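Using the hints, position chain V against chain U.
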Amino acid sequence: MKIAVLSGKGGTGKTTVSTNLAKIMNWNYVDCDVEEPNGFIFLKPKVIKTEEVKIPVPKIDEEKCINCNKCVAACQFNALAGTKTDIILFEKLCHGCGACTLVCPVNAITEEGRTIGKIDIGEAEAIKCMRGILDIGEPMAPPIIKRLKELVDDSPTIIDCSPGSSCSVVSAIDGVDVAVLVTEATPFGLHDLKIAVELVRQMNIPFGIIVNRADEEHDLITRYCEEEKINLLGKIPYDKKAAVLYSKGKLLVEDKEYNDRFKEIGEKILEVKACS
Amino acid sequence: MQLVIISGKGGTGKTTVAASFAYLSDKSIKVDCDVDASNLHIILGGEDIEKRSYIGAKLAHIDMNKCIKCGECEKVCRFDAIADFKIDSLKCEGCGACKIVCPKGAISLEDEITGETILTQTQRGLLSRAEMVIGAEGSGKLVTQVRKNAMAHKKEDEWVIMDGTPGIGCAVMASITGCDAALIVVEPTQSGINDFERVYSLTKHFNIKAFACINKYDINEEMSIEIEKICQREGIELLGKIPFDPCVKMAANELKPIVSYEKSKAAKEIINIWNKFKNKYEEE
Chain U
0 MKIAVLSGKG GTGKTTVSTN LAKIMNWNYV DCDVEEPNGF IFLKPKVIKT EEVKIPVPKI
60 DEEKCINCNK CVAACQFNAL AGTKTDIILF EKLCHGCGAC TLVCPVNAIT EEGRTIGKID
120 IGEAEAIKCM RGILDIGEPM APPIIKRLKE LVDDSPTIID CSPGSSCSVV SAIDGVDVAV
180 LVTEATPFGL HDLKIAVELV RQMNIPFGII VNRADEEHDL ITRYCEEEKI NLLGKIPYDK
240 KAAVLYSKGK LLVEDKEYND RFKEIGEKIL EVKACS
Chain V
0 MQLVIISGKG GTGKTTVAAS FAYLSDKSIK VDCDVDASNL HIILGGEDIE KRSYIGAKLA
60 HIDMNKCIKC GECEKVCRFD AIADFKIDSL KCEGCGACKI VCPKGAISLE DEITGETILT
120 QTQRGLLSRA EMVIGAEGSG KLVTQVRKNA MAHKKEDEWV IMDGTPGIGC AVMASITGCD
180 AALIVVEPTQ SGINDFERVY SLTKHFNIKA FACINKYDIN EEMSIEIEKI CQREGIELLG
240 KIPFDPCVKM AANELKPIVS YEKSKAAKEI INIWNKFKNK YEEE
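Residue numbers (numbering that gives the first Met the number 0), protein chains in the order written: chain U, 0 to 275; chain V, 0 to 283.
Just so you know, these hints were derived from the structure itself, not from any lab.
Treat the hints loosely; a few may be bogus.
Said to hold, decoys possible - From the derived model, a few chain U residues whose C-beta atoms are all more than 12 angstroms from chain V:
#, residue
1, Asn-25
2, Lys-48
3, Glu-253
4, Asp-254
5, Gly-265
Claimed, not checked - With the Cβ distance kept under 8 angstroms, some of the chain V side facing chain U (calculated, not the full set):
#, residue
6, Leu-89
7, Ala-96
8, Val-100
9, Ser-138
10, Gly-166
11, His-204
No experiment lies behind these values; they were computed from the predicted model shown.
Just so it is clear, CB atoms sit at the ideal spot from N, CA and C, and this is done for glycine as well.
Same shape as in the complex, but just chain U (with noise of 0.2 angstroms):
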């Protein structure tokens, strides 16, 4: 079983929710956040294997290149120039789709692996962790958290989503059998919910919300969820114990208050997967 933590956008606590679940259910956790994976900060894993993540890129043999720019009219996202003597690759727009060895009419292209970031696998006592980690400077997330996914096995595992509702969202939720979707108790984080749960309902995915830094006066979060029967999973109060916990790079459960909320979520997922 998968559970996806996603949030439409950063900073509403959606590490926070996945580290501190992987640790009260005992689960594995892979950070797909491959921009800004901070998972480990928290869990402390051991990190035990390092892979690096690579996409083919076409290479160009010149001596069988006849300039024909077939490859170039082929190419969807302008990764490749043809100059009046040779072809000129721009290798970070380049999607390693392969278009272009499909329509070379002298088989004089041939691919070869470009690395784009990596990906480091570890271990917290009994709970495997694995992250991806985009090079900076490098565009495409997609390819790493790909890998990822195929890394993952039956085991249950919490992925941790990158924010937003892009393609990297999309890969990174493909699959799973349940989607936490975290938010604020603001109108912006109920303006950014609305489009995490578009997304969830288009991908047919179960999900269910819990609402981080809590705010009894301002539940903006628990009407929509009673309108939309939505299954509220939780509650994280705000408070400044949190806080001063996540900034020393903490997990919340280490407080008794917060490990038996956490407990509750846990249970409340488990139940949305029962009965979707």
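Below, chain V without anything else, positioned relative to chain U:
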């Protein structure tokens, strides 16, 4: 002068600072580069005066009348976007490899609307923003379009104030390329420092002058000192330290920029930061 406000990650107070700057600078055009979940218009208010569909990608389409179900397209697709002779629009990158291998010419690439660009007239000037179609590809390209729209409407003496995108990927790169300065908002936490270092490397990579400010500096003063040390070591000018202030949350709930609250201590510091920045560039 083009200034982008970035943070490495969302939730550090980037929009709080950007909305305040946007509010304080009446001679500027505002840009919300967060096309995934734009929020600046919620604070600045105003009226949408122009909306345009944005075609940012292509999508494969299979003509079932021509398809002979040979499965070549599925085999060649590297994005697992084809199953049972159907295209999954969320996974298709529009590369056209399937079209190339189809023996019957049953596949075509069609323009895909990936978002909508919007111009909003606020009381403090024009705001260029966008709403991306959920799950769409190419948010970086949409950011570039939002910036182009702003440049097309910018008056000569106006500055461009941009609320950047979170992260360090394609959308952020599109937010910061060609800017004169970037203000990085950092929070004094372990992960905040991590994000700060990564996003600073990105500004270095693109050769953009970086400034920093610490938000909620007093929730962990040790970490704040840590950040000051990084700034000193890297030669990043620290423009200010914003204190934790419950007024910020209240302002968010009331959908107003924090700088419109005269008594707020966070507002005072943000105004200081803005003045420091403005003086620096107005002299030039």
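Right, here's what the structure says about each hint:
| no. | hint | verdict |
| --- | --- | --- |
| 1 | Asn-25 | 23 angstroms, holds |
| 2 | Lys-48 | 21 angstroms, holds |
| 3 | Glu-253 | 15 angstroms, holds |
| 4 | Asp-254 | 16 angstroms, holds |
| 5 | Gly-265 | 23 angstroms, holds |
| 6 | Leu-89 | 5 angstroms, holds |
| 7 | Ala-96 | 4 angstroms, holds |
| 8 | Val-100 | 6 angstroms, holds |
| 9 | Ser-138 | 5 angstroms, holds |
| 10 | Gly-166 | 4 angstroms, holds |
| 11 | His-204 | 5 angstroms, holds |
Going down the numbered hints, you'll see the structure goes against none, and every one checks out.
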